[in-house]
Amino acid sequence: MKKVELLAPAGGPEQFKAAVNAGCDAVYLGGSLFNARIGAGNFTLDEIKDALGYGHLRHVKTYVTMNTLLDDGDISKAVKFASKLYAMGVDALIIQDYGLGYAIHEALPDFELHLSTQATVCSPRGVLAAQELGYKRIVLSRECTLDEIRASAEVGEVEVFIHGALCICYSGQCQLSRYIGGRSGNKGMCAQPCRLPYTYRDAAGRTALGTNPLSPKDLCLLDDIPGLIEAGAASFKIEGRMKSPEYVATVVSIYRKYIDQYYETGRINVSEKDRTALLQVFNRDGFTRGYLNGDPGDSLMTRGVPKNSGVLVGKISKNSGKSLTAEIRAFETIKMHDVLEVRSNTGNTSFKVTYLKEDPKRKGLLTVGDLKDKVFSGDKVYRLISQDLLDQAAETIGNPKKIPLDIFLLARVGQPIKLTAKDPETGLSLTVSDPEILAQPAMKAALRKEDILKQLRKTGDTPFYLKDAEILMDENIFAPVSALNALRRELLKGLEEIITHHYERSLEGFAPGPAPEGIGYGSYDTVFDVDDKAVILPQVTKGSYDSWLEENLESLATKVKAADSAVVINSIAWIKPFAELGVKVIGGPGLNIVNSYAPEALKTLGMSEEFILSPELLPPEKMEGVPLMISEHRLSPGILTDRKGARYSVEFDEQTKKTYFFACL
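FYI, the working numbering numbers position 74 of the sequence shown as 76, with every residue one higher than the one before it.
Rather than coming from a laboratory, the hints here were simulated on the basis of the structure. Computed from a predicted model, the values in this text were never measured in an experiment. Be a bit skeptical, because a hint or two may be false.
Mimicking DSSO-like on lysine-lysine, the simulated pairs with C-alpha atoms at most 30 Å apart in a straight line are [unchecked claim]: (1) K51 / K189; (2) K82 / K63; (3) K424 / K404; (4) K382 / K86; (5) K363 / K382.
Take these sequences, add in the hints, and give me the full structure.
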């Protein structure tokens, strides 16, 4: 069984090193352009090159996200950017836009492409279609159940999210941020309006669902590592390119621990200490297992805590006075420099512990400071930041990962000493010698193998450590220790350069293909412009609806052809099955076609020349009847009202088992 990959996020160079040193197998990051986390620190080209070297020297892959929708004018620029990443040795690109993927695959056919979760693939048919388009790996929708992951993994290489933030909407299908403020999530600028407060009233006018009805808890699938590995997932993805190095180091190290434990013992036994560490480093009102076993209902959602909620560590034991201190009855250990938050019905106040004293007569009763506001007896105290956890993360970050080397030494009397090092993982090797460094007859004390091993183990601040050494030497010989050290330094430096350059590629023959001509920006603006006779499939299909389609595919195709009509398809999964039955396929809005290249890609699956604009290209006044969000989470029909009084209709479709959100224009 191939070991599952642990894939970590990096919003900047410090997060990258934190991920590598904590034990990930691969890192995903964004450049300064074309990525869905424009708000992250991101990487310049020089920083990407440095990160590649740091990672490759430690057997860690680097994937670069180019997972936004692109206009025609950006495609050639993006392909040139991709060519620079290709030449550097980036291991793969993560793509959302089918047009960009098509253009890159045409120009750089051996550049590995991964299809982003924003492409909304959640079935075996979707995985097969993506592979036909040139994608090696498919990042499944977060809404997939364990059974759906297993089925998809049987036909292709799939990646699943295992920890971090969840969206209430299917990724790639959300228009809420763009509709409200012009900041498109599909352009990397999501303002996260789902985390804001809303008032929800059901059809009977009753208020329900708390103050933040669109804000899910963060995902944590630590306990599901065995099941996901056995389901065949190729990669476990941690979300968090906006998070700190300490977050990355903590989460990666814990998942690394239990993935390794599973492969060593066939099971895992998660400690409470590690569970608490994950909660402490970031959680929103606890964790959820997401949709792994279907919609979990209300337990999916936060209730009034859309930000980091920390860990409950105590209660205020009496009202604060004029001083800047508080008396706390502590349930957990509180230390200097922890950041605490006191929560009450009247509001919250947070502060850093700069004063700490325990009552010698009453264990667990602490006086802490410095407060910024008054607090009252009974108020709950949460720790938002643990200094202990920061210190542990700093230790991880500050201890660079090293890889094992095998070294062979050959020393014959009167001949130059030869040193050979081999990287067992890549098979790359290097031999060095110096005509002036000879094995000489010993005049006094001869060299011992133990002496040589001692010098070979001195790898210092290089990315290597000595795993195995073979020493073949004549008896009673001598060479200065300084000479052996010089050879060792030359050997390790040279091998470092060989490994670093091994991943670089030539751009000889690279030439971006010509732009498609005569396609335009779409046959129709919205589904309402399509011929009334056309059968319009839902924008997102999965589970029971896909099963229904499988059972009724041929009869539905027969009816469509008999009516001389067409079918509007929103997922790559269903283009080819209908096209092979002779049905005219119109590309739907769920495919997010925004450029002239995307139709060229989708036509290879059987889509006709006709397609509907992505909602991305519609102005707000044309969004009536167009879903702003589509969710796997079931909500009863009702009305959402935001802080500014804007209203949104909530509708649940029994056929697809999806909740739809529409603007009340």
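Hints the structure fails to honour:
4
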